[in-house]
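Peer 1: Each chain, letter by letter, is given below.
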Amino acid sequence: MSKCTLKDLQFWDDQIVELGKKRQLDWYEIAYETCDYHEMLGAMAYHGMPTHYNHWSYGKSFEQQHTHYQLGMTGLPYELIINSDPCIAYLMLENPMYLQILIMAHCVGHSDFFKNNRNFAFTRADTVVPRMRHAKKRINSYIEDPNIGIERVESLIDACHAISYQVPRYPMDIPNLEENYEIFRQKNLQSLKKNKLDLKDLPYEPEYDILGFCAEFGPDLDDWERDVIQIVRDEAYYFMPQIRTKIMNEGWACLQHYNILNELDLPQEYHIPFLKSHNQVVRPHVGRINPYHLGFHLFQKIVERHGYEEALLAREVHNDESFIRQYLTREDCEELNLFSFSAKDHGQYEVDDVSDNQGWEEVKEVLIGQIGANSIPTIYVDGVSRRNELVLHHEYDGRELELQYARQVMGHIERIWGHDVTLITIIDDAPYEL
Amino acid sequence: MGSVFSHHRTNADRSARDRSRHKQKIEKALKDGIHDIVADESIIGQDGKKKIRIPVKGIKEYKFVYGKNQQPQAGSGGDADVQRGQKIGQKKKKGQGQGKPNKAGDKPGEEYYDVEVTLEELAEYLFKDLELPDLEQKALKEIIAEKFKRKGYRSDGIRPRLSKKESAKQRIKRKMAARKQGKIKIDPETGEEIFPFIEQDLRYKHIAVTKKPVSSACIFFIMDVSGSMTQNKKYLARSFFFLLYQFIRSRYEKTEIVFVAHDTQPYEVDEEKFFGRGTGGGTKVSPTIEYVIEQANKRYNPNSWNLYAFHCSDGDNWSSDMEKTIQQNEILKSMCQLYGYCEITPHDEIRWAGSTALSEAYEVLEDKSFKVGHIHEKSDVWKCFKTFFGSKISLEK
Numbered sequence: 000m001s002k003c004t005l006k007d008l009q010f011w012d013d014q015i016v017e018l019g020k021k022r023q024l025d026w027y028e029i030a031y032e033t034c035d036y037h038e039m040l041g042a043m044a045y046h047g048m049p050t051h052y053n054h055w056s057y058g059k060s061f062e063q064q065h066t067h068y069q070l071g072m073t074g075l076p077y078e079l080i081i082n083s084d085p086c087i088a089y090l091m092l093e094n095p096m097y098l099q100i101l102i103m104a105h106c107v108g109h110s111d112f113f114k115n116n117r118n119f120a121f122t123r124a125d126t127v128v129p130r131m132r133h134a135k136k137r138i139n140s141y142i143e144d145p146n147i148g149i150e151r152v153e154s155l156i157d158a159c160h161a162i163s164y165q166v167p168r169y170p171m172d173i174p175n176l177e178e179n180y181e182i183f184r185q186k187n188l189q190s191l192k193k194n195k196l197d198l199k200d201l202p203y204e205p206e207y208d209i210l211g212f213c214a215e216f217g218p219d220l221d222d223w224e225r226d227v228i229q230i231v232r233d234e235a236y237y238f239m240p241q242i243r244t245k246i247m248n249e250g251w252a253c254l255q256h257y258n259i260l261n262e263l264d265l266p267q268e269y270h271i272p273f274l275k276s277h278n279q280v281v282r283p284h285v286g287r288i289n290p291y292h293l294g295f296h297l298f299q300k301i302v303e304r305h306g307y308e309e310a311l312l313a314r315e316v317h318n319d320e321s322f323i324r325q326y327l328t329r330e331d332c333e334e335l336n337l338f339s340f341s342a343k344d345h346g347q348y349e350v351d352d353v354s355d356n357q358g359w360e361e362v363k364e365v366l367i368g369q370i371g372a373n374s375i376p377t378i379y380v381d382g383v384s385r386r387n388e389l390v391l392h393h394e395y396d397g398r399e400l401e402l403q404y405a406r407q408v409m410g411h412i413e414r415i416w417g418h419d420v421t422l423i424t425i426i427d428d429a430p431y432e433l
Numbered sequence: 000m001g002s003v004f005s006h007h008r009t010n011a012d013r014s015a016r017d018r019s020r021h022k023q024k025i026e027k028a029l030k031d032g033i034h035d036i037v038a039d040e041s042i043i044g045q046d047g048k049k050k051i052r053i054p055v056k057g058i059k060e061y062k063f064v065y066g067k068n069q070q071p072q073a074g075s076g077g078d079a080d081v082q083r084g085q086k087i088g089q090k091k092k093k094g095q096g097q098g099k100p101n102k103a104g105d106k107p108g109e110e111y112y113d114v115e116v117t118l119e120e121l122a123e124y125l126f127k128d129l130e131l132p133d134l135e136q137k138a139l140k141e142i143i144a145e146k147f148k149r150k151g152y153r154s155d156g157i158r159p160r161l162s163k164k165e166s167a168k169q170r171i172k173r174k175m176a177a178r179k180q181g182k183i184k185i186d187p188e189t190g191e192e193i194f195p196f197i198e199q200d201l202r203y204k205h206i207a208v209t210k211k212p213v214s215s216a217c218i219f220f221i222m223d224v225s226g227s228m229t230q231n232k233k234y235l236a237r238s239f240f241f242l243l244y245q246f247i248r249s250r251y252e253k254t255e256i257v258f259v260a261h262d263t264q265p266y267e268v269d270e271e272k273f274f275g276r277g278t279g280g281g282t283k284v285s286p287t288i289e290y291v292i293e294q295a296n297k298r299y300n301p302n303s304w305n306l307y308a309f310h311c312s313d314g315d316n317w318s319s320d321m322e323k324t325i326q327q328n329e330i331l332k333s334m335c336q337l338y339g340y341c342e343i344t345p346h347d348e349i350r351w352a353g354s355t356a357l358s359e360a361y362e363v364l365e366d367k368s369f370k371v372g373h374i375h376e377k378s379d380v381w382k383c384f385k386t387f388f389g390s391k392i393s394l395e396k
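Protein sequence lines, in the order shown, are assigned to chains A and B.
Under numbering that gives the first Met the number 0, the residues of the first sequence are numbered 0 to 433, in order.
Under numbering that gives the first Met the number 0, the residues of the second sequence are numbered 0 to 396, in order.
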């Protein structure tokens, strides 16, 4: 395998860029950084962010990935690209040239998706890198502050991470809750009969932004604590669109790299390994859902059935859930050999439904229930009691919370809120209070 | 619009700090979960450098997740032919065998790391934060022995300690001085100088008596292997002995171990037999204590060895033997730095009704050098250990 030089990369990139434009892609400029295996793993541990605040969990993530690769449990990392303007992508120098070409074309697909998909409209890609840098600086300053120190900062970040997925899921700019509530109060002066915001009335409507609510209304928080919570919250808002579009994002990038590489005049010694790698990436994972596989399949079908224009439109307006609802047909379910299964007594897994005439719709529903953010329980702030107790509700959809985990998380929320926290959910079809 | 290429600006090893923080947390977890670990390793026969791989439960990051009543999941069948009702594998079972937590449980995402540590490091983790104030000093008091050591030369001494070299040096010094003064006689026949040794030339090696603490310990591990000692009890005993061994070993230069198993009779055995020994028979404690006293006197003189004795039992003893046992224990206690008795009574195993537990009978003996501890379950092992060596905990009791 030949090592590649920047000149080689540039040569292929020029052609990829041309083809990308021909395919009506419009993407953030990509800044590729070449790195070695260790740097790649290092970048991966921090979600690819060039700078990121420190926390032990990223060390853990590094160790885990390192172990996995050493044991050969996962293939080498192919691509790593972040939603920023310009996009930062990493190319591992150990990779052979054909793979670099594939990755670059793939990255063009991702970058185009970041720029055009409506879910990313509020991620402020142009400022994410400096935002992360400032966050790191601030958190470092709290760690070094003799009145605060690493233990307290760390335990607060632990707590925030525990509920970092508990932010609104639909695309929205990170709101100032206090202002929003004030506007709401002004509009509803008559029914509320209060002349200023009262914590006991809040939130006026279910508030899905638990971190935001705590940061703004947590009764006894210090300024540094509010800031740390806001830092984690900001990142949660930033990553939520990626969680909600994993299948589309990967599918779109695969569609682009597949077509671009086929159109590129690849020498024979690149073409065969490229096909091999491509098939490796989009192969089905038996018993699971491979987002690359599903996304690639669907986008190909859209192009086939409705034309490329439709695919361009789909990548703009959908998220995984709506995408699958709209485009996954019975034929697809059958072709992808999708089935649903569940654990029966004695922990034995059994197939419930297969993608035939009677079963495919059920299978599709099950699939939708587990993709994007749907695999994360939805919890919202319902109110604050007189004793400053935070009351949370779980939106029960037939799936119960894992209580052992929930109890631990409750401890974390109490750490953030600073007072008692109650969570109401449903266990065994009856209300259950934690 | 082309892309920009550059080499990644390496900011050293950026995750180093977070990794070391993570490592600290793992070490803590390792220490907290130690009783799960110790039972699997052979107590001795390890030189302390041997690496053991220890599965440590990951430092969990909790989030809200869906739990038990898992709704169906969807998956792709690949090329396989999938039928309704087809059985497709088993959910991982929880509750693996003791000491084998390296298989994931069925809780969502149980994480395990293999942490490789040496026994020495393990002991270090174990004892690093253990607060052992006053009691440790007493329990681990060192015996002072007189040692003879050469220390310089003196002009007086006994013949056997004569130092020829030093004496010769003295003569040479004197000879030089005499030559300057021209006082050396010349033998008229041979023309050689005559200069014999005199009394003042002689130098003797001096031996000083120094006091040095003895740094060797002998541990008697005594365990009841009678019929009532179940596998579970022995497992707990083993974990406990392991801790004791590691701790004492880390405090002395040399540590020897004697394993004494007993039912109605004592048997001195090796480690393997000690823990593997088949159980059977009744229980009589006094012959064993007698045996230990005898062996200690014969082989490990209490004046030059730090003696420790630890007895693990489920508390059964013949009631007629009780009096004698107490007497013998008084003697053994006086010989030992620390004599510990640990009663192992798992919650789920009921004791024979009507018999007096040794721990109750031993209450009269309890003092600084005699400790009684109780182990009901795995997590008590560490607590019991602290009862023996840390004063804080024992005061609470």
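Treat the hints with care, as some may be off.
[What the hints assert, rightly or not] With a straight-line cut-off of 20 Å between C-alpha atoms, the simulated SDA-like cross-links for lysine to any residue are:
no., chain 1, residue 1, chain 2, residue 2
1, B, K86, A, A342
2, B, K24, A, E153
3, B, K59, A, H284
4, A, K199, A, I423
5, B, K86, A, H284
6, A, K343, B, Q85
7, B, K22, A, M43
[Claimed, not checked] Calculated from the model, a selection of chain A residues having no Cβ within reach of chain B, i.e. all distances over 10 Å:
no., residue
8, G58
9, V128
10, Q185
11, E215
12, D222
13, D226
14, Q229
Calculated directly from the structure, the hints in this document are not laboratory data.
Glycine included, every Cβ here is placed at the ideal spot set by N, Cα and C.
Peer 1: Tell me the hint numbers this structure goes against, listed in increasing order.
Peer 2: 3, 8
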